[in-house]
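*Asks:* When we follow numbering that gives the first Met the number 0, the leftmost residue of the sequence shown carries the number 0, and every step to the right adds one.
Just so you know, not all the hints are guaranteed correct.
To be verified - Capping the alpha-carbon separation at 20 Å, the derived lysine to any residue pairs in SDA-like fashion look like this:
1. K280 to T448
2. K344 to R325
3. K228 to S241
4. K157 to P176
5. K228 to H412
6. K114 to S14
7. K485 to K499
8. K495 to D478
9. K55 to Q26
10. K273 to S14
11. K350 to Q237
12. K485 to A248
13. K23 to M91
14. K350 to G384
15. K293 to D311
Said to hold, decoys possible - Here are the simulated distance ranges between beta carbons:
16. Q237 to F121: 43 to 49 Å
17. I288 to I264: 26 to 32 Å
18. S305 to C482: 47 to 53 Å
Think of the hints as simulated: they come from the structure by calculation, not from any bench.
Keep in mind that this is a model prediction, so the values were computed, not measured.
For glycine and all other residues, C-beta sits at the position ideal for the given N, C-alpha and C.
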Amino acid sequence: MKAYKALESHNYFTSGCVKHLSAKEFQDGKVVLLGEVNHSQRLGHKPLQVWILCKKDGAVITAHCTCMAGAGEACSHVGACLFAVETGIKMMKSRSCTQKDNMWLPAYVEKVQYKRLKDINFTSSKGKKRRLDSNSFEAGPVKERAHVPPLSEQERTKLYGSIQDAGIVLSIFSVLPGYDGHFQNPVPMHDARLRNLYSEEMLAHDLDVLVKKANDVMPSIIISEEIVKAVEALTGQQSSSSNWFLYRAGRVTASVMKRVCHTSIDNPSISLLKLICYPEKQSLKTPAITWGVKNEPRAFRAYQTSEAEKHDMFKCSKSGLHLSTRYPFVGATPDGLVCCACCGKGVVELKCPFSLREVDVTEMATAGSCLETVNGVVQLRRQHGYFYQVQTQMAVCDVQWCDFVVWTPNLLHVERIQKDRHFCEEILAAGRKFFIHAILPELFSTYFTRQHAGPVVNSPSDVYCFCRGPETGKMVACDNASCHYKWFHFSCVALKRAPKTTLWFCPECKGPKG
Numbered sequence: 000m001k002a003y004k005a006l007e008s009h010n011y012f013t014s015g016c017v018k019h020l021s022a023k024e025f026q027d028g029k030v031v032l033l034g035e036v037n038h039s040q041r042l043g044h045k046p047l048q049v050w051i052l053c054k055k056d057g058a059v060i061t062a063h064c065t066c067m068a069g070a071g072e073a074c075s076h077v078g079a080c081l082f083a084v085e086t087g088i089k090m091m092k093s094r095s096c097t098q099k100d101n102m103w104l105p106a107y108v109e110k111v112q113y114k115r116l117k118d119i120n121f122t123s124s125k126g127k128k129r130r131l132d133s134n135s136f137e138a139g140p141v142k143e144r145a146h147v148p149p150l151s152e153q154e155r156t157k158l159y160g161s162i163q164d165a166g167i168v169l170s171i172f173s174v175l176p177g178y179d180g181h182f183q184n185p186v187p188m189h190d191a192r193l194r195n196l197y198s199e200e201m202l203a204h205d206l207d208v209l210v211k212k213a214n215d216v217m218p219s220i221i222i223s224e225e226i227v228k229a230v231e232a233l234t235g236q237q238s239s240s241s242n243w244f245l246y247r248a249g250r251v252t253a254s255v256m257k258r259v260c261h262t263s264i265d266n267p268s269i270s271l272l273k274l275i276c277y278p279e280k281q282s283l284k285t286p287a288i289t290w291g292v293k294n295e296p297r298a299f300r301a302y303q304t305s306e307a308e309k310h311d312m313f314k315c316s317k318s319g320l321h322l323s324t325r326y327p328f329v330g331a332t333p334d335g336l337v338c339c340a341c342c343g344k345g346v347v348e349l350k351c352p353f354s355l356r357e358v359d360v361t362e363m364a365t366a367g368s369c370l371e372t373v374n375g376v377v378q379l380r381r382q383h384g385y386f387y388q389v390q391t392q393m394a395v396c397d398v399q400w401c402d403f404v405v406w407t408p409n410l411l412h413v414e415r416i417q418k419d420r421h422f423c424e425e426i427l428a429a430g431r432k433f434f435i436h437a438i439l440p441e442l443f444s445t446y447f448t449r450q451h452a453g454p455v456v457n458s459p460s461d462v463y464c465f466c467r468g469p470e471t472g473k474m475v476a477c478d479n480a481s482c483h484y485k486w487f488h489f490s491c492v493a494l495k496r497a498p499k500t501t502l503w504f505c506p507e508c509k510g511p512k513g
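Starting from the given sequences, assemble the full structure and let the hints guide the process.
*Replies:* Take a look at the structure:
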């Protein structure tokens, strides 16, 4: 009785976790007490088994419990059983509990039931223990609750109106007609995930059938304005967010637009298809990429400082992934969204070239660079992939200009590039054709990657994860029984170690919050 008072013993007992108490007396005067105690947070699990060896006067000799701390002979579950025995003895010594107006003994709780707030006992565990420890079981009658009449309809309307006028939005307003104007229905995000188009039934079909299905499916791929806003908000952390990979997978992104326009439709680049359809598997950490990621914040601040002096009410904010209502097969992630009173809205794309980090802008405009000199002016090469990238960004984000920025520790080059409508129409038409003839067949059945992977992954039972790859390295299972993919590579779901949570759900089963 000395150790358990410092533990959670009384909380287990007063919460109704103790059951099936029994005792057996031996000839030498010792008594064995047996009992079961429910887990506090896992009522569905098998109860813990407790036994206590004690003397007839109540002195505990030893005890044991099947919990992790039970071998120490003084765990909370042992204490809970002792509390139950102590209370039972007190009740036996007093007159029959049925004769009392206020007798109280916590009933065993087998299942937590839903209750109305008015029926829930909010007495603290400390208060319940104080009541148990009281010397007398002859407590007076229960104090009568003051009768509070319910609100009339007029009073309720006045109350809700006062709350609404104060600018407070209560959750209950979402289900009250006339007060639900501040609430919006959840945006259905499932249709924006193109990898949901995969079907094992399509594995047996040839390319002609898959392309025909792609043409049939194309009109049903619709992106609403609500989805555009929701995805941009969800992916603000860009590559640090699993949602960023989830919603760009299967889309022609701005950074690969030139490669899409110049690859063969009949024999598309497999590396390009993998980059588009399984972007989480293609992450690289080259010195150039590491340099760019490390210095992008410096470039962003330098651009903000430089342009704020030139424009009225200049604002620049980070951007997530942008989808398009007009071009649902395309996605773009500019480095920032720009707005000012003099020029309106635009985007900014930052480049921090590792190989040119120690040269000036004149030396940078060489044959091996993205820049060139035209009529004495340094500008982005119109044949370079970056030009395709910024034009795609402007088309997707529906803006008329992009600030193309090249940053090194020694210089800051800013070029305002205007939207070329004719060029955008050409590259987007090429992107749409590639989407129908190459990307969708790959999304339907991993058609192209299976052709190059050999017979090992021809069976649907041999492929896993978003990437539809074989079992390799560390993998984690989704706890959703109806998960489409079941098992995932750690790298594909941005995991470095096994999840510590009891249940783990993949990004598609978990879905966006809110």
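*Asks:* For every hint, state whether the structure bears it out.
*Replies:* Status of each hint after checking the structure:
Distance check on the hinted pair: K280 and T448 sit about 14 Å apart at the alpha-carbon level, within 20 Å; holds. For the hint linking K344 to R325, the alpha-carbon distance of about 19 Å falls within 20 Å, and the restraint holds. A hinted pair counts as satisfied when its Cα atoms are at most 20 Å apart, and K228 with S241 qualifies at roughly 17 Å. Between K157 and P176, the direct Cα distance comes to roughly 15 Å. Compliance with the 20 Å bound is thereby established for this hinted pair.
About 31 Å separates the Cα atoms of K228 and H412, which puts this hinted pair outside 20 Å; it is violated. For a cut-off of 20 Å, the pair hint linking K114 to S14 stands: about 15 Å separates their Cα positions. Between the alpha carbons of K485 and K499 the distance comes to roughly 18 Å, so the proposed pair stays at or under 20 Å and holds. A hinted pair counts as satisfied when its Cα atoms are at most 20 Å apart, and K495 with D478 qualifies at roughly 19 Å.
For the given pair, K55 sits about 11 Å from Q26 by alpha-carbon distance, which is consistent with the 20 Å threshold. Taken as a hint, the K273 and S14 pair is broken in the structure, with Cα atoms around 55 Å apart against an allowance of 20 Å. The suggested pairing of K350 with Q237 holds, with an alpha-carbon distance near 16 Å, which does not exceed 20 Å. Of the pairs offered as hints, the one joining K485 and A248 holds, with about 18 Å between alpha carbons and a cut-off of 20 Å not exceeded.
With a CA separation close to 18 Å, the supplied pair K23 and M91 stays within the 20 Å bound. Taking the CA atoms of K350 and G384, the gap is near 12 Å; set against the 20 Å cutoff, the hint holds. At most 20 Å may separate the alpha-carbon atoms for a hinted pair to count; K293 and D311 exceed this at roughly 30 Å. Look at Q237 against F121: about 45 Å separates their beta carbons, and that is inside 43 to 49 Å.
At roughly 29 Å, the beta carbons of I288 and I264 sit within the given window of 26 to 32 Å. Checked against the hint of 47 to 53 Å, the pair S305 and C482 passes, with Cβ atoms roughly 48 Å apart.
Hint compliance for this structure: hints 5, 10, 15 are not met, and every other hint is.
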